[in-house]
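Here full-length UniProt numbering is used: the first residue of the sequence shown is 1, the next is one more, and so on.
Hint data in this document are derived by calculation from the structure and do not stem from the laboratory.
One thing to keep in mind: the hints can contain errors.
[To be verified] Straight-line Cα separation of at most 25 Å, PhoX-like style, residue types lysine-lysine; simulated pairs:
1. Lys83 <-> Lys197
2. Lys107 <-> Lys197
3. Lys150 <-> Lys107
4. Lys85 <-> Lys197
5. Lys76 <-> Lys204
6. Lys83 <-> Lys204
7. Lys85 <-> Lys204
8. Lys204 <-> Lys107
9. Lys107 <-> Lys76
10. Lys197 <-> Lys76
11. Lys197 <-> Lys150
[Stated by the list, open to error] So the derived label-pair ranges between C-beta atoms look like this:
12. Glu84 <-> His128: 40 to 50 Å
13. Thr122 <-> Lys197: 30 to 40 Å
14. Gln100 <-> Pro151: 14 to 24 Å
15. His128 <-> Thr91: 38 to 48 Å
16. Glu191 <-> Lys76: 22 to 32 Å
Bear in mind the structure is a predicted one, so any value in this text is a computation, not a measurement.
Ideal placement from N, C-alpha and C gives every residue a C-beta, glycine not left out.
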Amino acid sequence: MNLSKLLNQALSSSALKQVTQKVGSSSSSLGGSDTLKKMGMGAVGGSLLTSLLKSGKGSTLLKVGGAAAVGALAYKVYNDYQKEKAQPQQTEVFHETDQQHPTIILKAMIAAAKADGHIDATEMAHIHEALAQANIGAHEQAFLEGEINKPLDPTEIAALATTPALASEIYLASLLVVDEQNAMEAMYLNELARQLKLDTEMQKRLVLASGE
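Sequences are here, hints too, so could you generate the full structure?
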């Protein structure tokens, strides 16, 4: 299962334009094409899929290394912050070849994209249709559908963080999906940060790094 490729697609604004157009034209309830062009503007139906597979902020990161750039940036923010503390910790190194990395970050992004709503049967049908046309493998499609169908649980996402630096990356990846926050999204991010044990200053630095 090539989740690394799928993750890079999720960070590319040019990825799956057909999907965006297809879903955007299928139902006016999904917010219209202008909304779909914005990352994370709606977490239901086609705009959920768009959040995962088409990202304005993500496109900038993709140009300098895609998923690896997200990790490298998060680790840099984390290490810089640690160096400024009175008792700095050992520098953590981002391992680009870690096979679990794409799975962890995709799980975080999908969860964040679901933070502002639910997906009903009609919206799920749009997602199935879009996924079928997305030129991804059956295993990747099954992974996406499985994560989309899961109940939203920030505790589960936070548990994926085996190090403080990875916790920072999970939060940064979530910020890249939740672009314009409503109350539910803000609540999710706050709870995720609490579960990840990120202090207020670290959160601020990651928000700044995300471009918000």
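### Task
Of all the hints given earlier, name the ones this structure violates by number, lowest first.
As far as the earlier hints go, not one is violated by this structure.
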